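Turn these sequences into a full structure, and let the hints guide you.
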Amino acid sequence: MVAFVISRLLQALPVLLVVALVSFALFTFVGDPVAAMLSQDATLADRENLIRLLGLDQPWYVQFWKFVGNALQGEFGLSYRLSRPVSALIAERAPATLELAFCAAAMTLCIGVPLGIFTGIYKDSWVSRVLLTVSLVGVSLPIFVLGMLLILVFAVQLGWLPSFGRGDTVQIGWWSSGLLTVSGLKALILPAITLAVFQLTLITRLVRAEMLEVLRTDYIKFARARGLSNRAINFGHALKNTLVPVITIAGLQLGGIIAFAIVTETVFQWPGMGFLFIQSVGAADIPVMAAYLLLISLVFVVINLGVDLLYYLVDPRLRAQR
Amino acid sequence: MLLEVKDLRVEFPTRRGVLTALNGISFGIAPGEVLGVVGESGAGKSMTGAAIIGLLEPPGRIAGGEILLEGRRIDNLPLAEMRKIRGKRIGAIFQDPLTTLNPLYTIGRQLVETMQAHLPLSDAEAKQRAIGWLEQVGIPAAAQRIDAYPHQFSGGMRQRVVIALALCAEPQLIVADEPTTALDVSIQAQIIALLKRLAREQRTAIMLVTHDMGVIAETADRVAVMYAGRIIEIGPVRQVVKHAQHPYTAGLMASIPPLDRKVDRLAQIDGSMPRLNAIPPGCPFSPRCPHVFERCRVSRPELMPAGETLAACWLHDKPGAPA
Chain S
2 MVAFVISRLL
12 QALPVLLVVA
22 LVSFALFTFV
32 GDPVAAMLSQ
42 DATLADRENL
52 IRLLGLDQPW
62 YVQFWKFVGN
72 ALQGEFGLSY
82 RLSRPVSALI
92 AERAPATLEL
102 AFCAAAMTLC
112 IGVPLGIFTG
122 IYKDSWVSRV
132 LLTVSLVGVS
142 LPIFVLGMLL
152 ILVFAVQLGW
162 LPSFGRGDTV
172 QIGWWSSGLL
182 TVSGLKALIL
192 PAITLAVFQL
202 TLITRLVRAE
212 MLEVLRTDYI
222 KFARARGLSN
232 RAINFGHALK
242 NTLVPVITIA
252 GLQLGGIIAF
262 AIVTETVFQW
272 PGMGFLFIQS
282 VGAADIPVMA
292 AYLLLISLVF
302 VVINLGVDLL
312 YYLVDPRLRA
322 QR
Chain R
72 MLLEVKDLRV
82 EFPTRRGVLT
92 ALNGISFGIA
102 PGEVLGVVGE
112 SGAGKSMTGA
122 AIIGLLEPPG
132 RIAGGEILLE
142 GRRIDNLPLA
152 EMRKIRGKRI
162 GAIFQDPLTT
172 LNPLYTIGRQ
182 LVETMQAHLP
192 LSDAEAKQRA
202 IGWLEQVGIP
212 AAAQRIDAYP
222 HQFSGGMRQR
232 VVIALALCAE
242 PQLIVADEPT
252 TALDVSIQAQ
262 IIALLKRLAR
272 EQRTAIMLVT
282 HDMGVIAETA
292 DRVAVMYAGR
302 IIEIGPVRQV
312 VKHAQHPYTA
322 GLMASIPPLD
332 RKVDRLAQID
342 GSMPRLNAIP
352 PGCPFSPRCP
362 HVFERCRVSR
372 PELMPAGETL
382 AACWLHDKPG
392 APA
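Sequences listed follow chains S and R, in order.
First residue of the first sequence? That's 2 in our numbering, and the numbers climb one at a time after it.
First residue of the second sequence? That's 72 in our numbering, and the numbers climb one at a time after it.
These are computed hints drawn from the structure, not numbers from a lab.
Model, not experiment: these values are computed from the prediction.
Heads up, some of the hints might be wrong.
Which residues of chain S face chain R? A partial, calculated answer using Cβ under 7 Å [said to hold, decoys possible]:
hint: 1; residue: G75
hint: 2; residue: G160
hint: 3; residue: Y220
hint: 4; residue: L229
hint: 5; residue: R232
hint: 6; residue: Y313
Cut-off 30 Å, straight-line C-alpha distance, at most; resulting in silico cross-link-like pairs (BS3-like, lysine-lysine) [what the hints assert, rightly or not]:
hint: 7; chain 1: R; residue 1: K155; chain 2: R; residue 2: K77
hint: 8; chain 1: S; residue 1: K241; chain 2: R; residue 2: K155
hint: 9; chain 1: R; residue 1: K267; chain 2: S; residue 2: K241
hint: 10; chain 1: R; residue 1: K267; chain 2: R; residue 2: K313
hint: 11; chain 1: S; residue 1: K241; chain 2: S; residue 2: K124
hint: 12; chain 1: R; residue 1: K77; chain 2: R; residue 2: K333
hint: 13; chain 1: R; residue 1: K155; chain 2: R; residue 2: K313
hint: 14; chain 1: S; residue 1: K124; chain 2: R; residue 2: K267
hint: 15; chain 1: R; residue 1: K333; chain 2: S; residue 2: K222
hint: 16; chain 1: R; residue 1: K267; chain 2: S; residue 2: K222
hint: 17; chain 1: R; residue 1: K159; chain 2: S; residue 2: K241
hint: 18; chain 1: R; residue 1: K77; chain 2: R; residue 2: K159
hint: 19; chain 1: R; residue 1: K77; chain 2: S; residue 2: K241
hint: 20; chain 1: S; residue 1: K67; chain 2: R; residue 2: K77
hint: 21; chain 1: R; residue 1: K313; chain 2: S; residue 2: K222
hint: 22; chain 1: R; residue 1: K198; chain 2: R; residue 2: K267
hint: 23; chain 1: R; residue 1: K198; chain 2: R; residue 2: K159
hint: 24; chain 1: S; residue 1: K124; chain 2: R; residue 2: K155
Don't be surprised by glycine CBs; every beta carbon is placed ideally from N, CA and C.
Okay, structure coming up:
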């Protein structure tokens, strides 16, 4: 078990290094930060000075080495746009994105999995048919359209929920939480729904397909022939056998929700990392973009590790092979 | 009779009309008796077994006839009632032991949940009994292996576990659907011997579905031969094997290679079994039958006394005897 975790971590290292190299390459190939940071009437000497200050006169591998060293300490330099440490910017924005992402993920799993089970077991009932048709809409509706529709109906016309921002937040240490205030919770509803709908319909359809597959197997038939209750068969024997693919996809989805909340955050002006990223792209703010890239790859690596550990718990056949 | 099947008819509604998969199936099984059911693929052997335990694959359904267990109808029971019969009074063994056990649960857990579904047992009692059953079916070091997962057993061992699962709630009847087909020949004999021994000890009747005449000859008390969804001959195993009365049964027996002499060419039955949507009127075997005559093509024979068995063949229709 421990050996498995360590080997997985070692495998993750090259992935992170490659991503680091890509984000580092951004500095060299995208835009000219020096030109961006200097004022118009700066002299050539000012320019030389700044280049030396930023370490841009060194060979690229030295720069890369420094970059990795700094990144390991959570140090990503100054934002070109805001002239503040990137790490502070991200730490400030991360809680908003993470709260949004986990709410959306919780919604996805808590609604999507039961719906998938239901439509898998009662595949021919009209409720299932309606749900599946609606889920098609969910799969095919672009996120930004959905977000704007929700704003139009619930914020503009009904006026029940705010259309942008995060509401009031409470500071707990460095973490700013919107989950503890009424306005924070209200502000969370629409973006979370927007972010969850696509993932939810996807997970519903996945669980359904897996359930249909598993319910056809011999061991389910045998479980019925042994006289087990429907509940034990559907929720014990069948559901557990659908879990491995569902965990895989759910893990990827969680990563996707965190990383690509960009559209939702933009639509709702949500002060999270995705919104920060979009603003940074507009301003060619390389340090922020690089840090964001690295952070997201780290998120995926961690989630995949978690997914692998869950496999390990669910399926005894995988345990034997280690 | 422990189990009685009367005029059972199973239909599959399809887009191009209703297919009759089983028609006019009637037979009985006495307590402790082993009834073999043979026939080629698609004859309806497995489906008869599935109909008895109430696990026909939809859209298949019982369209007529009755199934009685100790005189009580079980073919029209609500699901919850039928569930109490499955496992508890009628057990089942399936063909492929590699796929009949849930890969994610230990064999101990599967035994315990089966017993606890039917018998009022505490966890500790159920576990104790589970170990007992594993010993009964010949799993070495049962007490240690109870927490093992199915993939940690070989095919033969898994079929032993399946047999333990089928027997653990002490049913009166086991429907064994090709229990040895997926196993090595050397293991087949062991499994059959085990099944036979346990059935005798528990006084459990067995409906043994197979296409292996060797297994039937060795194990069964009586045998039913199926063809195109009907029973065409039924009787004591010795009589059916040695003195088959239906031309199809005779053809089947003749196509078994003899061990005591050399033959250049095995006997075979010309043609193939008709599809369900193209069963000829009259006797379904008539197009392939070497003894066919006019009556066979027009009217369908029911089972009638023939020698010491019952055969559905007009050759045995004695003048004056009731048809």
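Going through the hints against the structure:
1. G75: At 41 Å from the nearest chain R Cβ, S:G75 fails the 7 Å test, so the hint is violated.
2. G160: Cβ of S:G160 sits 50 Å from chain R, so the hint is violated.
3. Y220: holds (4 Å)
4. L229: holds (5 Å)
5. R232: violated (11 Å)
6. Y313: Not OK, violated: S:Y313 not within 7 Å of chain R, min 13 Å.
7. R:K155 x R:K77: At roughly 22 Å apart (the allowed maximum being 30 Å), R:K77 and R:K155 satisfy the hint.
8. S:K241 x R:K155: It holds: about 24 Å lies between the C-alpha atoms, which stays within 30 Å.
9. R:K267 x S:K241: violated (35 Å)
10. R:K267 x R:K313: holds (22 Å)
11. S:K241 x S:K124: holds (19 Å)
12. R:K77 x R:K333: Roughly 43 Å separates the two Cα atoms, so the pair is violated.
13. R:K155 x R:K313: Answer violated: R:K155 to R:K313 is near 40 Å, above 30 Å.
14. S:K124 x R:K267: violated (41 Å)
15. R:K333 x S:K222: Given that 30 Å is the threshold and the Cα spacing comes to 44 Å, the pair is violated.
16. R:K267 x S:K222: holds (24 Å)
17. R:K159 x S:K241: holds (25 Å)
18. R:K77 x R:K159: Distance of about 23 Å is within 30 Å: holds.
19. R:K77 x S:K241: Not OK: R:K77 and S:K241 at ~40 Å, beyond 30 Å, violated.
20. S:K67 x R:K77: violated (86 Å)
21. R:K313 x S:K222: Not satisfied, since the Cα-Cα distance of roughly 37 Å exceeds 30 Å.
22. R:K198 x R:K267: At roughly 25 Å apart (the allowed maximum being 30 Å), R:K267 and R:K198 satisfy the hint.
23. R:K198 x R:K159: Answer holds: R:K198 to R:K159 is near 18 Å, not above 30 Å.
24. S:K124 x R:K155: holds (25 Å)
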